[in-house]
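J.: Protein chains in written order, with our numbering: chain A, 1 to 295; chain B, 1001 to 1269.
No wet-lab data here; the hints were simulated from the structure. There are no misleading hints in this set.
As a list, the in silico DSS-like pairs of lysine-lysine whose alpha-carbon atoms are at most 25 Å apart:
id	chain 1	residue 1	chain 2	residue 2
1	B	K1025	A	K10
2	A	K126	A	K250
3	B	K1259	B	K1025
4	B	K1076	A	K145
5	A	K263	A	K250
6	B	K1173	B	K1184
For reference, the chains in residue letters:
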Amino acid sequence: MNQNTNIFNKMMSMDRRWVFLLLIIVCVAAYFAPFSIPILIEPEVERVYNFVDTLAPGSIVFLAIDYDPASLAELHPMTYVLLEQCFRRNIRVICTALHPNGPSMAENAFLEVVDSCKVDKTYHGKQFMGREVVNGIDYCFLGYKPYPALVILGMGTNFRLPFPADYYGRPIDSIPMMKGIQNYDQVACVVNISGTSGTEYWISYGQGRFGFPLALGVTGVMGAEYYPYLNSGQIFGYMAGMLGAAQYEKLAENDGKAVVAMKVQLFAHFLIIFFIIIGNIGFFMDKFSKKREGR
Amino acid sequence: MEFGTFLWTTLGAVLTLAIFSFLYKDNPFYKFAEHLVVGVSAGYWAVILWHNGLVPNLLERLRDGDWYLGWLNSSKPWYLIPAILGLLMWTRFSKKYSWISRWPISMYIGIATGVAIPLEMSNRVNKQLYAAMSKIHWDNFFGHGFLDTAAAYSEIIIIIGTIAGLIYFFFSKAHTGAFGTIAKIGIYILMIGFGASFGLTVMARISLFIQRIQFMHEDWAVVAFEETNPNYGWFQFFFWLVGFIIIAYIARELYVYIKNRDKQMVKPS
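Using the sequences and the accompanying hints, generate a full structural model.
T.: Take a look at the structure:
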């Protein structure tokens, strides 16, 4: 066995902990490095942004937050930026969380965005004055109920069927913004931000049964799975993973955690590609050496 | 930052480090964090399901009856039927009576299937078939359609990919000749699909790590290191305590490594 083979064997049998260590160093260094990267906007993300941006003040967006802390990294930025866009433009929001861990995610997002909306900000050259976003007037959080399929079907008849009261125990009829709101007919669109298979329920039992415009925001792992629904017109817009969140932040001119994360992604991906190339060179050279030695 | 918030954030930071320590190797800190996550999740889910499922959907609806009459004098006594079916599920724990649990399961599966089949068939099969069979907009290739030329190619790729992918899974004919070539194109199309999924999964996993860096930096370290932080003293205490535990663990690992290496060197003789 020659020396080259030893090197290639070593390349292929490198302790995986060196890979982890290098990845940690690269990610931390890229996070603290003061630079930014351009983010190209894809049409499926732009369609969600344009849809919400062209809604008349007072319209209602239904936001379905179906994720848990494990998917928070990719989906929280989407929720934040979408909620802020709605509240700044005086668009009202009805929210459900059909994942048991979803209510805490939704509450956390509402608290932070409500705080953020108190400050004056300028987006696309237009100044938005800070204002108090009020629970029950600007948004209504219905909370969690088990069996998402049945809840989605029930809300198609009346929101009051699965949710006689909101998450905080107030009867729906006593909530000012819910007066005259019966079902999906009164909402402009449904945006499902999800890290679970709940998305399939929204497609089949929600959009398929009631025909409302549906947009999705999903984790990267689910990313490739839902593109066919875009092609078939069952969803009008789509945000996949951290990249989708960063694109939406760029569109809204509201750079947040996703935009910062993308520069780290860039270098982490470079490193992973480098290791894939090294591994493949090792594999093929080892195979070639064995062939040459007649083994 | 309130002391309570500070304490929970610090605990979050410590648990983050404990979970990532698994990248080095399995260890007691990781085990503790893992068990804590499982325990807290199970407890949280039980409480959430009780308060959002059983209480509003069953107990609240039987509320106007008397529990000592078995709620039979409630205005909605029929809610006792699903309650009884739910209780029957617990017979799974008895070897003798576990067969009874098949009744509620069969009812549940029956209802779920009845609701699911028409909607799933319509939305996940038929509509996808229509989308795959839609006509090709040839105008787009010459620059006067509603799509640009590059996007127009996707219509062709979708048709070829769908047919080739389906042929790959057709095993009633040997994959030879022209049929075999199309099947081979099918497997390449599938590989491209899996590659896209893998790439997105890598992005997702890196995202989780980046979010933890952001949490450790923005939500914990920046706030805690500020001298205006009213809990600065406590932070110093926790910081050095965690630092000491990490250093002690590394020292122990080194000691074990050196000890084992010495043993291995002695062994051959």
